[in-house]
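Novice: Sequence:
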Amino acid sequence: MHAPREDADVETSSDAYARRFAGTVGAWFLEVQARATLDLLARWPGATVLDVGGGHGQVTGPLVEAGYEVTILGSAPSCEGRVREWTSTGRARFEAGDLAAAPFPDRAFDIVLSFRLLPHAHRWRALVTGLTRLARHAVVIDYPTSRSVNAISGSLFGLKKGVEGDTRPFTVFRDAEVEASFAEAGFLPTGRRAQFLFPMALHRALGSAGLARILEGAAGAVGLRGALGSPVILRLERLA
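Just so we're on the same page, our numbering is the position in the sequence shown counted from 1, plus 3.
Derived by calculation from the structure, the hints in this document are not laboratory data.
Keep in mind that this is a model prediction, so the values were computed, not measured.
Note that the Cβ used here is the ideal one computed from N, Cα and C, for glycine as well.
Take the hints with a grain of salt, since some may be wrong.
[To be verified] Quick list of the computed label-pair ranges, beta carbon to beta carbon:
#1 E68 - I217: 41 to 49 Å
#2 L41 - L242: 34 to 42 Å
#3 A208 - A104: 37 to 45 Å
#4 G100 - R216: 33 to 41 Å
#5 A79 - G220: 18 to 26 Å
#6 A104 - A30: 16 to 24 Å
#7 T174 - A208: 36 to 44 Å
#8 T92 - A179: 36 to 44 Å
#9 R94 - A243: 29 to 37 Å
#10 A230 - G84: 34 to 42 Å
#11 G100 - D18: 34 to 42 Å
#12 G100 - R128: 25 to 33 Å
#13 A243 - L214: 43 to 51 Å
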């Protein structure tokens, strides 16, 4: 019996999914994500980056503008739609293939990135194996951590669905289990950014980017966002 193909990016690459990040609050979410990502990649200017499941295009523009050589891997040709403004002009490249068994040789890219994918993957440990195989220097991922309000995500799912409409269940991870999975492949965490203390659905419901900045700024100032925030963006580097 064959394992299911990793295709969780089909939904995240859709226009419907992109609407979750519309408006000023959505733009602010993406601004926070891009700033943290570029900060974690700053040690490798101009590096080759593989964005696995990156058809959502959330970091394509910031990476290209910062001078990175970007390739996006999608599970199907349809996943190119939202990144075509970059791929059609040669500023980025798109390839289709199994996200957990990408059609590239070992260590083909300096950095392997994967956002909005791990919590929805059919076989997240197999995905980790695939990401680490392809990375020469580091892997950067995001995930919802149980060290946050996501610990009670099941009981809050109805509220989240009421705000977002088309949300879907997702896996919440313990930091230790994610780090242990990467350690098996010889990667250790070297950088961590917790994005939001308050649930993203709450910020969407309030509908004010200004208020969101104030709330999260205060949480960051007293250390709560760093300790309890989610999703986490984690950089893991190859030991040798």
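Novice: Could you run down the list of hints and mark each one as holding or not?
Specialist: Do the hints match the structure? See the list:
For E68 and I217, the Cβ-Cβ distance of about 28 Å falls outside the hinted range of 41 to 49 Å, so the restraint is violated. Remark: the range hint 34 to 42 Å for L41 to L242 is contradicted by a beta-carbon distance near 24 Å. At about 39 Å, the beta-carbon gap between A208 and A104 stays in the expected band of 37 to 45 Å. Distance hint check: the CB atoms of G100 and R216 are about 39 Å apart, consistent with the given range 33 to 41 Å.
The given range of 18 to 26 Å is broken by A79 and G220, whose C-beta atoms sit roughly 40 Å from each other. Distance hint for A104 and A30: a CB-CB separation of about 35 Å, inconsistent with the stated range 16 to 24 Å. The supplied range of 36 to 44 Å is broken by T174 and A208, whose beta-carbon atoms lie about 23 Å from each other. For the pair T92 and A179, the supplied restraint of 36 to 44 Å holds, since their beta-carbon distance comes to about 43 Å.
For R94 and A243, the Cβ-Cβ distance of about 33 Å falls inside the hinted range of 29 to 37 Å, so the restraint holds. In this structure the supplied range 34 to 42 Å holds for A230 paired with G84, their Cβ-Cβ distance being about 38 Å. A beta carbon spacing of about 23 Å between G100 and D18 contradicts the range 34 to 42 Å that was offered as a hint. Between G100 and R128 the CB atoms are about 19 Å apart, so this pair departs from the stated range of 25 to 33 Å.
At about 47 Å, the beta-carbon gap between A243 and L214 stays in the expected band of 43 to 51 Å.
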